[in-house]
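Q: Residues per chain are reported as follows:
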Amino acid sequence: MTAVVELRKLPVPSTGGLLTPTVLAVRGDLDHTNATQLRQHVFAQLPDHRHHLVLDMTALGFCDSSGIRVLLTVHTWMNERAGLLVLVGVPPRLARVFELTCLDRLFTIRPTLAHALRESPAP
Amino acid sequence: MGDLDVQARHHVTVSGRHTSGPTLMLAHGFGCDQNMWRLVEPILARDFRVVTFDHIGAGRSDLSAWRAERYATLDGYADDVLAMCRDLDLPPVVFVGHSVSAMIGVLAAVREPERFAQLVLLVPSPCYIDHDDYRGGFTRADIDELLESLESNYLGWSAAMAPVIMGNADRPELGQELTNSFCRTDPEIARSFAKATFLSDHRQELARVNVPTLVLDCTQDVIAPPEVGRFVHAQIPGSVLVTLPATGHCPQLSAPQATAEAIAIFASEVADTADRP
Amino acid sequence: MMTSTGHDSDAPEPHDDAVPGDGAVGRAAFSALLEDSPEDLYENAPCGYLSTLLDGQIAKVNATLLGWLGYRREELVGRRSFSDLLTMGGRLYHETHFAPLLKMQGQIGGVALELRAADGRRLPVLVTSVIKTSGDGQPQLVRTTIFDATDRRAYEQELLRARREAEQERRRLQELVTTLQASLLPPSLPQVPGLRTATLYHIASRDEVSGDFYDLFQISRDRWAFFLGDVCGKGAGAASVTSLIRYTLRAAAAYDGDPLSMLTTLNTALFREYRSEDPRYCTVIVGVLTPDGDGFTVALASGGHPPALLLGADGEVAFRQTRGGMLVGMLADAVFTTTSVRLGPGDTLLLYTDGLTEAHAPASGTGDGRYGEEALHAFATGLGPTTAEGAITALAEVLRGFGDGLTDDAAVLALSVPAAEISPSGKGRL
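Residue numbers (my numbering), protein chains in the order written: chain A, 271 to 393; chain B, 435 to 711; chain C, 23 to 452.
Same shape as in the complex, but just chain A:
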């Protein structure tokens, strides 16, 4: 059984005077067999400066501890550049893992993409 995960960049309308975010949608199952690949793909989409990234996880089926590592790595990287990572559409089971590990306090989590875009930080 091999997990398959897909990463897609979504078009984003300009957010006016705010920092225009990169929106990436994750789809499929994320585990140790594909976590490293996903991390590389996410980083390939990020400019090396202050940035706003929204990860849409609505279509994420399964996410094991390797997947959580990827999220934490991205989070740390964004933090170090005073950027912002927002997770949207976190599936219920993953939300429970976040709660269990207190990651819900670390990550910025919003219910939908619309919510996340409204709160883009100032440039």
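Do not rely on the hints blindly, as some may be mistaken.
Straight-line distance between alpha carbons at most 25 Å, and here's what the computed SDA-like set of lysine to any residue pairs gives [to be verified]:
| hint | chain 1 | residue 1 | chain 2 | residue 2 |
| --- | --- | --- | --- | --- |
| 1 | C | K82 | B | T653 |
| 2 | A | K279 | A | G353 |
| 3 | C | K82 | C | Q129 |
| 4 | C | K154 | B | T653 |
| 5 | C | K82 | B | L473 |
| 6 | C | K154 | B | P679 |
| 7 | C | K154 | B | W500 |
| 8 | B | K629 | C | D62 |
| 9 | C | K154 | B | Q654 |
| 10 | B | K629 | C | R193 |
| 11 | A | K279 | A | G359 |
| 12 | B | K629 | C | M110 |
| 13 | A | K279 | A | H311 |
| 14 | B | K629 | C | E187 |
| 15 | B | K629 | C | A184 |
| 16 | B | K629 | C | R183 |
| 17 | C | K154 | B | Q691 |
| 18 | C | K154 | B | R472 |
| 19 | B | K629 | C | R138 |
| 20 | C | K82 | B | T681 |
| 21 | B | K629 | C | K82 |
| 22 | B | K629 | C | P146 |
| 23 | B | K629 | C | R175 |
| 24 | B | K629 | C | R272 |
| 25 | C | K154 | C | G131 |
| 26 | C | K154 | B | K629 |
| 27 | B | K629 | C | E180 |
| 28 | B | K629 | B | W500 |
| 29 | B | K629 | C | E178 |
Chain B residues, not near chain C, derived (Cβ > 12 Å throughout) [unchecked claim]:
| hint | residue |
| --- | --- |
| 30 | Q441 |
| 31 | A502 |
| 32 | V534 |
| 33 | D576 |
| 34 | H636 |
Just so you know, these hints were derived from the structure itself, not from any lab.
All values derive from a computational prediction rather than experimental measurement.
C-beta atoms are modelled at their ideal positions from N, C-alpha and C, and glycine is treated no differently.
Guided by the hints, dock chains B and C onto chain A, whose structure is given.
A: Same frame as chain A, but now just chains B and C:
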């Protein structure tokens, strides 16, 4: 009746209406599986109950039951024969062993003679490698060459072999299922069986056979030459030697009628003996 | 032969029956083709031809094969059989595989054999045979074509060598993984007076070190500590983290003996050690056992780990929630939660990693097809009052039931106090 496990494990098939008559157990040799008997089995099934099976690792046997240590020598195969006799509740059988299975039958019959009414040894060889004044016909280097042949044919087997076998338009009775499994073996298993077969030396056991025995050989056979047949006959007390009018190592394929008749005539003696008051 | 040099483009289109090409050269080549008799095609074909009688005796052989083998025709026809041309090993293969298949099927193709030439040279070939039958279906003779396979055999040898090498490398890797894995777990759990212990450890892949770990050890005369956890990720990186975790927790336990301080020490170590480009985290549940009358008091601290499950002597089953404990190694000043459990006679405490609850189990009826905590609770309730060994044996059966659904590593540690047994000190009653 019988143990379903052992039946499935060896893909045991039973034919023959005369279940009150003697039971023949046909054991295939190295290389193929119980399909080797398909030309003689219908002839024999007219007068006998016929049991055929696949050795573990061959044909449609349960490959997961194969263990390298257990089948490193012929004793493991002999254990299986005895287990089948026991678990299938067979009366004392006429065991017909082709090639290496002839010696597997000898080992089983030496261990538990009460399970065997007779032995029919079809082109047997107790030892394939030459030793001093014994002529088995082969050297150790020859056996290594065979292992090489097995290996190189394994590579071409799935790709080159399958379409030829399956595209057998003018022999429709050879269904896909049959041809897929016939003579096809996991290379590791084939290698192990080849070693167990061709490196074995069971000349000592022959003299301990205490069951009426028929030795069948052919006029010309590369693997079991006539002098080996004569050796087996000379070693087994009271055995009968019949040379079939056939060439090659598989008389049940090249001369099925003559092979079946020779087996039937000998096996009928069991029936006659049993009929006596 | 059709030629297509430049001036050909001016030539008129040939008719259906026209000689292809034009000019004297083309016509001469074509008539040479016409003169190519079937006899010549047979004798000098680019492959060997051989016809044998049913007993194997050679009846006909073409010049190509004679040339390859270095025999004269009269040396073979009527005198030798096909198997005489093979090496001894090839002869065995021929008799046990080739000949039976040919008899059964009427044909056989693409079999690799080796011929032996008159001067002893070995010639790797590919052999295809068909049985020619008479009008009434009686087999008459065997026709065989033989192709030179010297290059192919060299290629195969290379493939075989590469395959063996790859298999050997894989075996070495698996041995290494097994050894490394074993070094990260206690070879066996120590005997704790008045306590029964049992463990279950499932490794999803023999090719990668699991990130699950557990341990149980003595910290003072009558106190014992244990932990069970899961490193994020797996493989060599996870193994080195597991090693760090194990020694940090053991050292912290010896120093302090309080589960919360143990976790805090571990958090600091992980946060510092793996701060930079390769951050590492784990979830872990740590416990300290202190004898308490006829049982133990178990102080628990959890960092983001699934809750322990208490199977009571009275049949009650309850998760001991430790929510609010953070993933270990995530923040410098992480917060962890503690709880305390009384483990009396007949009680069993179950610690597990999420490999168990996250296993694919479509039959469990959960929305996402995973086993889940509810199913585990129901299963434990069904068990009734049990022991460490009883719970582990039953859980092993559950894991087996998952089959291929058990995609991740899983570790389970069970602790129980025997029902109505001697006191935990293990002394004084005999």
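Q: Tell me the numbers of any earlier hints that the structure contravenes, in ascending order.
A: Going through the list in order, the structure violates hints 5, 7, 8, 21, 24, 26, 32, 33 and respects the others.
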